[in-house]
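K.L.:
Add chain B to chain A, keeping to what the hints say.
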Amino acid sequence: MIEIHDLKKGFGGHAVLDGVNFRIETGESVAIIGRSGSGKSVLLKHLIGLLQPDSGAVLIDGENIVAMDERQLLRVRRKFGMVFQGAALFDSLTVAENVAFGLRRLDHLSEAEIGRRVGEALEVVDLPGTENKKPAELSGGMRKRAGLARAIIYEPKIVLYDEPTTGLDPIVSDSIDQLIVRVRDRLKVTTVVVTHDMRTARRVGQRVMLLHDKKIYASGAPEEFFASQDPVVRQFVDGVADPKEILF
Amino acid sequence: MLNPLANKRVNETLTGLGQITLLARDALSSLVRFRFSWPDFLYQVYFIGIKSQTVVIITGAFTGMVLGAQTYFQFHKIKMDTASLAVVGVSMCSELGPVLTALMVAGRVGAAMAAEIGTMRVTEQIDALRTLATHPVDYLVVPRVAASHIALPLLTVEAICIGIGASYLACVHLLGIEPTYLWYNMLHFTHDVDLMIGLVKAFIFGGIIAIIGCYKGMTCGLGAEGVGRATTEAVVYASISILISNFFLTMLMGKLVGQL
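Line by line, the protein sequences give chains A and B. Position one of the first sequence corresponds to residue 45 (our numbering), numbered consecutively onward. Position one of the second sequence corresponds to residue 986 (our numbering), numbered consecutively onward.
If we strip away everything but chain A, and leave its shape as in the complex, we get (with noise of 0.2 Å):
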């Protein structure tokens, strides 16, 4: 269980985040939306403690990881997948490397069985025969993709996406859409998924939350979210801009 109670993060005296208050239940399924430079991937970030918040409070399984120093959080960590924007493939390594890198890391498995999860978890995410590739060598979905089994390998409990689909074309979003499904369904992992595609948000969160001038401004069931009347959450969901902000 993940929660976040009040918490204010800021960078250069401009505040990002301003009293973020959510809980995510155990095997939940949930979609954070808002618009590019709200401080989505901010929020994920603290989630799993790449940052610090200036002041709250993050909790997970009831631990609150904002204490932690950096050796600390390793253990905590280890509940945790997270998939990047960019994938953040070890560029040095191949495909089968980057993937068996979580594994080569928590547990003393033998070479033979490495190999044969790395197989398993390229199969889950429709990337076999990539074992020997250098990340430069694959598509952008691809690389989304290695990232993702590099991620779910080691059977986290929690998986994080930073905008699994941005950069990406249709087909290849809805594919890493179903994958992300996929993940949740087979794993029964916690999925949180910050992203601004409203259909990736209605397809893989049980729950959509939007964050809206540095707090979550309203969260609820997908129907309920998308046909919501508010005109925040309307304008947004409709990708509708502010006649103040058209230039030309």
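Honestly, the hints are just simulated from the structure, not real lab data. Do not rely on the hints blindly, as some may be mistaken.
[What the hints assert, rightly or not] A few chain A residues that face chain B, going by a derived Cβ cut-off under 8 Å, partial list only:
{"#": "1", "residue": "R79"}
{"#": "2", "residue": "I92"}
{"#": "3", "residue": "E114"}
{"#": "4", "residue": "F128"}
{"#": "5", "residue": "A132"}
{"#": "6", "residue": "R149"}
Cβ atoms here follow ideal geometry from the backbone N, Cα and C, with glycine treated the same way.
P.N.:
For chain B alone, coordinates are given in the frame of chain A:
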């Protein structure tokens, strides 16, 4: 009272020195607990040691030959031609070998470390390491620092041998100095302690190059500009640190071995 700009600069410098010290402490703590990966360490020894062969050989050979020739030009006036190689031996072992090797390695390896780790930082690969329950110091810093500590003394020995050998050949075949006394004088005046001083310096310079390269990479600014600046600063700061620390090491070890 300093003006605000100078004050800010002093603050940044002191903060940077403090952070480098903390990074070195973290790396040492990881090292003594064997938290690092042996394959990564061996790869770094290969990268720093084997891949630096060309620059180290050229630097050692030409520095030795130039020093031999210059010494000969002066000593020839007072009929001390055969002492030329002794000057080269002492200088290469205790000063030129470690310092020039370290400066060349700082340019090649320090820059590469800052650029590689800096690129990992801006492409979120360091964050990815952390999410995979891996401490960046264990995975990135410790193998590099340990390998640099090991590789630099070995490269320095190589540069010293090449430098003295090249200088001997230049003195004998180009300048026509009598080889037996040339070699005898070099052995007579170059002591074990000169070589020991050079190796201790090389060991320390190795740590300086790696820790500054890693620190600059891990704290680099965003984008290509940030990586470029980190790379330049890694080379400049490592080179300055080597030159300044060399003076203090010379004074300290001179005192310890009774040369002062």
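K.L.:
Indicate, hint by hint, whether the structure satisfies it.
P.N.:
Now for the hints, and whether the structure bears them out:
1. R79: A/R79 check fails; min Cβ-Cβ to chain B is 21 Å, beyond 8 Å.
2. I92: At 6 Å from the nearest chain B Cβ, A/I92 passes the 8 Å test, so the hint holds.
3. E114: Interface hint status for A/E114: holds (6 Å vs cutoff 8 Å).
4. F128: OK, holds: A/F128 within 8 Å of chain B, min 5 Å.
5. A132: Given a least distance of 4 Å, the restraint on A/A132 holds.
6. R149: The hint holds - A/R149 has a Cβ within 8 Å of chain B, the shortest such distance being about 5 Å.
Hint compliance for this structure: hint 1 alone is broken.
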